[in-house]
Structures are given as structure tokens and as C-alpha cells.
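Participant: Mind docking chain B on chain A? Use the hints.
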Amino acid sequence: MDLDALAGCLASSACLVTQTTSGLIIGMLLFLVAVGLTLIFGVLKVVNFSHGAFYMFGAYFAMTAYQLTGSFALAMLAGAAGTAILGLIFERVFMSRVYGADVLMQLLVCYAFVLIFDDVVRIIWGPEFKSMGMPSAFQVMPLFIAGGVVPPYYLLLIGVALLAAIVLGIGLSRSRIGKVIRAAAHNPGMVSALGINTGLIYGGVFALGGMLAGLAGALAAPVRSLTPGMGFSVLIESFIVTVIGGMGSILGALIGALLLGLIRSFGSLGFPLFTEGLMYLFMVIVLVSKPTGLFGKEAA
Amino acid sequence: MTELEAGRAQTLAPVRNGTALHRYRDVLIALIAFAVLASLPLFTGSKALLDFVIRCSAYGLFATSLNLLVGYTGLTSFGHGMFFGLGAYSFGLIMQKLGVPIPVAFVATLAITAVIAAIIGAICVRLKEIYFAFVTLAFQMLIHSTILSWASFTGGDQGLRGGIPRPVFLGIDLANHVHLYIASCALLILGLLAMRQIAQSPFGYTLRMIRDNAARASFLGIDVWRAKLTVFVLAALFASMGGMVMALFVSGAYPEFAYWTISGEGIFINMLGGVSTFLGPMVGTVLLLLLNDTVTRFTEYHGIVLGVVILFFALGLRKGLLDFVAEWFAHRRDAGEGR
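Taken in sequence, the protein lines are chains A and B.
Using numbering that gives the first Met the number 0, read the first sequence as starting at 0 and increasing by one per residue.
Using numbering that gives the first Met the number 0, read the second sequence as starting at 0 and increasing by one per residue.
Check before you lean on any hint, since a few could be wrong.
As the list claims (entries may be wrong) - Keeping only pairs whose Cα atoms sit at most 25 Å apart, straight-line, the calculated DMTMM-like set for lysine to aspartate or glutamate is:
#1 A/K44 to A/E127
#2 B/K318 to B/D333
#3 B/K96 to B/E255
#4 A/K129 to B/E299
#5 A/K44 to B/D211
#6 B/K127 to A/D101
#7 A/K289 to B/D172
#8 B/K127 to B/D211
#9 B/K46 to B/D172
#10 B/K46 to B/D292
#11 B/K318 to B/D292
#12 B/K96 to B/D211
#13 B/K318 to B/D156
#14 B/K318 to A/D101
#15 B/K96 to B/D156
#16 B/K318 to B/D211
#17 B/K127 to B/D222
#18 A/K289 to B/E128
#19 A/K44 to B/D292
Rather than coming from a laboratory, the hints here were simulated on the basis of the structure.
Predicted model only: the values in this text are computed from it and were never measured.
Next comes chain A alone, as it looks inside the complex (with noise of 0.2 Å):
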């Protein structure tokens, strides 16, 4: 425990503000993955245990784009895009065998998967550790905003993932899309009686909900070293986010994600040791006092 140096921190604007900007990236990742988490929760019923994979896979495929190409614009593409299309296999023919089914064989099915794509990007890729880089474009000086360090990159990734979320909750709210998604969520016996194929939206949600990840994974790539594996301590994140949040509730993913980035990026200087614990420790807290979540709605 260093309590001095979170409060040195705290009375200091420079330090508030590189520690501000580093806590919101990092919210802002988890956002991305955790709101695809709880979209496919909401709509598919199904907890998807293997989401973290299209995470690390958005990040190599942005790699493995970016050395091709150099093209930053087109790393980001193929990140989103190739995860996209990924999580529409994956839907299609795996997890849409075990709809209604038990619970456990839903998560046993991902967690095959969990295991299994660690082990196909460790044969693809390798099992060492990679790194992007960043590109030339963002090698500039950083700004500085009251004594604090911001790297423009950051604000790129922060700007992209709001830009995101403003997207889709705009698109489900207003979209006719949005609201057939809304309401095959809701009640999807019915959606399918008025004659809208009910797999196509399925199949599209957990697409959409893997490019999502994909996008933060290939974001992430250039500020983060990717590994085989990497996909795993940002969906317990991402879990602890949409539980926090409330399952399924995508306002809930935006606060819990901030609120946990500011706890890691705080937390770090206070609790050094101890800045996951204090994570679970918020999780605890939050779900005793409200088992459904911030946002969730009451269970029926």
C-alpha cells in the first residue's frame, strides 16, 4: 500500500491528468469489448466465454495488416472486419447449437474455444511476445494539458471508441435495425412470427459484438504487447464491467468500464499490488448492494 503517493497524486494537476487520460484509455478498451459482451448477452441469452479471443485476434490481425500494408487506417480495418467475420462463423456453426441449452454447456462450448484459439495464434503468430508499434503518424510530441502527458494516440483511441458508442446507441435506439435487434431481445418467438429471420440477427449481434472487440483489440495494438493469451484478463474485465453495469445494458457498460479504468489507473499508485483486487473488491461491493448491476433491470 502506497496511500502518500495516491495523494501526492491527487494534489497534483499534471499527475491527475496523465493519470485521468490513462485510466479513460483504458476504460474506453474495455467499453468497446464489454459492450459487446453484454449486446450478445442481451439479445442471445448467452454469456460468450470466448469474447476475449476476438479481442487478441483483432490486435494480430491489425498487426499482421499494418506490416503488410503500413497503412494504419487499413490495420484498424482488418482488425474490426476480420473479427467481424469471425464471430459470424463462430455464431453460425457453434454457438447456434446450443441455444436454450444448459448454461454450463454454453460456457463449456467457449471455454473449447478459449483454449483452442490461444493455441491457433500461437501457431500462426508464435508464442512470444509481439508488438505493433506505433505508427509514424502519432510519433509526435505529446500534449500537454495542465503539466499532465497525453499522447495524441490516446485521444485517437478515446475519440474512436466514444465515436463507437455514440454510434450504436444511437443506431439501436433510432435505426429500424436497432429496434428489431431490440426486439428480438426482447421477445423473439414474436420477431420470428412476423417473418424476420431471427438467425440472420443472432448471427449479425455476435458479429457486430466480436468486431467491437476486434476494433479495441487492434486499437490496443499499437500501445500494448500482444501474446497469445492476452484476450483473458480483459474479459474478466469485461466481465466484472457488464456485471457492474448491469447484464445487457449498454449505458451500463460505458459507466462500469470508466469507472474500472479509473480504478486500475488510480488504483495503481495507491494499491500497487493490489489494483485487481480492489476491482473484484468494487464488483463485490456493487453486486451485494444490487444484484442485477448499476443498469441492470430487475430479473422477471
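Facilitator: Coordinates of chain B only, in the frame set by chain A:
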């Protein structure tokens, strides 16, 4: 017992007399199983085989206790491994720091586990399904984080090193490999027998009722919360026993024992062996350990092999091996009676 008596016993008091009969049968089976296991060192000098059985004891106790929650009560705990780790660490720390006799440390560890399980359980069992799963997972990781960060007490990520002292008690020397082996077998058989008694007791049937329809159980005057808490604590005790066997075996305790993957493996073992038969988790334990040992010998990519096997069980059989076999026999019997 004559056929007439047996028939009457079945019609008049099926549950009571049935359980008494079953109890004698279970004890007999346990004695035979122990005799077979304990005589194994007489026939083989293979240390690897004995080690395998010891590991099966540790994981088998853990997995079977998890099935009390998952299979019998319908509580899918993702954090059951915390009691495995707790058992290993408590036992190891007590032996290292206090130097008490092994039976004292054993009982003390169970007492510590009971208290902690009661506190955690009281919070967790209020929650349903997926929320229960995640809150248990959070507690698991909380304990894991505590072990890592409280390095001065637990050794942090290095684990409890320096070995666990194993003083001789009642002529039993657990530093001796054969003694350790027989003690592990005894603990396994005793633990299984005790869990079998719990599962077949009226309390065990209460748990099944809660699993199938908690609301109805509650209408019948059963305190569902208390029953769930009771089985949560009981299951924790047996998981803790498994942890102690493990700590004795490796002569230490490591943070991985308390990591969530232990819980994941426990769930996996249960699914592999089957959750609707009492011995399913034991079968799953043997299967998983065999699978792990053989696959790692042949390929470094054992994740893929393991994953494919899991997929076979989840998508192909759609149930654990022993469940599948039991159902197959039931079908055959039904078909035979139908003729």
C-alpha cells in the same frame, strides 16, 4: 431380506428404508475401493502411478464437492477453487508457522474454511444463476489477489516455499511416499463417502428440490437460503480437504491453486464426467488428468486437443461420460422391459 420384505420396504417407506440399505451398500463399496487402492503399492513400484492417484484424490475431492453445488443444488459456482486454494494455504501456513501436529492443522484448516465459506456464502447464495457465478468468481479473484499482494505472509507469487513440515503422528509419516499415498486414498474415500451420505440424505433431496423448483421448496416451508448456505459451506470443506492433499503432495502452496482456472477445471471435470451421477466427477477427474498427462507428452498445443475433446462432449454427447453411460443402460433396461 426376502423378496416380500424388499417389496414391502419399497412400497411402504421407499426413501427411509431405501437410504438405510443404500448406506450399507455405499460403506461396503467404499471399503472395497479403499482396500483396492491401498493394496496398489504391493503390486507396483511405480511412483508415477501412485502420484497419479494422489493427484486424483486432491482433484476428485474438489470436483465432487463442486458437484454438490452444481449438480445437486443447481448453484454454478465459478469460484469454488478459492476453497481449494484456501485449504492448501491455510494448512501450509499453519504447519510452517505454528508447527502443530498434522491432525490439529487439518481440523484448524477446516474450521477456517468453514468460517470464511459461511461469510462468503451468506453474501453469494442470495444471488441467482449468472450473478451467483460472477460473485463467486470475484471472491475467488479477491482471495487470489490477496495471496499475491500479501507477500510477507503468503510468499506472494513465489508461493509457500521451503516445504511443509510433515512430523510423524500415530505412526503415520507423511514424508514417506507410501504413507502419503495411503493417507490421500483414505481422505478421498472418507470424503466421497461423507458426500455420498449428504447427497442421499433428506437434506440432499431438499437440495434437489431447490435445484428443480426453489419457489415450491420455499412454499413447503424450506428455508432455501439456509439450505443453500449449508451446502455451500459443506462443499467448501471438502474442497479444502482436496487443497490440503495437494499441499501435502507438492509440499507447498502456489497462487495458481487459488486462481480462477482451478474453478474452471472443476466445472470442466464435472461436465466431462457427468453431473447427474455421484461418481461422475470422479470419472471426469481421472479423464482430465489422463488427458492432460498424455496430451502434453505428445504435443505442445494441448489446448487444441483439449478444446476438441470438450467440444465433442458439449456438442456431441451433450452430457458427461458417466451420465451418458448411465442413460444408455437405462434405455436398454427400458427396452428390455418393454418386450
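Participant: Are the hints correct? Go through all of them and say.
Facilitator: Going through the hints against the structure:
1. Under the criterion of a C-alpha separation no larger than 25 Å, the hint pairing A/K44 with A/E127 is inconsistent with the structure, at around 36 Å.
2. Of the supplied pair hints, the one linking B/K318 and B/D333 holds, its CA atoms being roughly 20 Å apart against a limit of 25 Å.
3. Distance hint between B/K96 and B/E255 is fulfilled; the C-alpha atoms sit about 21 Å from each other, no more than 25 Å.
4. Note on A/K129 and B/E299: the hinted pairing holds, with a Cα-Cα distance of about 20 Å set against a maximum of 25 Å.
5. Taking the CA atoms of A/K44 and B/D211, the gap is about 21 Å. The hint holds against a cut of 25 Å.
6. Annotation: proposed proximity of B/K127 to A/D101 holds, straight-line Cα distance about 15 Å (limit 25 Å).
7. Under the criterion of a C-alpha separation no larger than 25 Å, the hint pairing A/K289 with B/D172 is inconsistent with the structure, at around 51 Å.
8. Of the pairs offered as hints, the one joining B/K127 and B/D211 holds, with about 14 Å between alpha carbons and a cut-off of 25 Å not exceeded.
9. Restraint check: the Cα-Cα separation between B/K46 and B/D172 comes to about 17 Å, which is no more than 25 Å; the hinted pair holds.
10. With a CA separation close to 15 Å, the supplied pair B/K46 and B/D292 stays within the 25 Å bound.
11. A C-alpha spacing of about 23 Å is found between B/K318 and B/D292, which places the hinted pair at or below 25 Å, so the restraint holds.
12. Distance check on the hinted pair: B/K96 and B/D211 sit about 46 Å apart at the alpha-carbon level, beyond 25 Å; violated.
13. Distance check on the hinted pair: B/K318 and B/D156 sit about 37 Å apart at the alpha-carbon level, beyond 25 Å; violated.
14. For the suggested pair B/K318 and A/D101, the alpha carbons sit about 10 Å apart, so the restraint of at most 25 Å is met.
15. For the hint pairing B/K96 with B/D156, the CA-to-CA distance comes to about 19 Å; that is within 25 Å, so the pair holds.
16. Of the pairs offered as hints, the one joining B/K318 and B/D211 holds, with about 18 Å between alpha carbons and a cut-off of 25 Å not exceeded.
17. For the proposed pair B/K127 and B/D222, the alpha carbon gap of about 16 Å is at most 25 Å, so the pair holds.
18. The straight-line distance between the Cα atoms of A/K289 and B/E128 is roughly 15 Å, inside the 25 Å bound, and the hint therefore holds.
19. Proximity of A/K44 to B/D292 is assessed by CA-CA distance (about 36 Å); at most 25 Å being required, the pair is judged violated.
The structure is inconsistent with the numbered hints 1, 7, 12, 13 and 19, although it conforms to all the rest.
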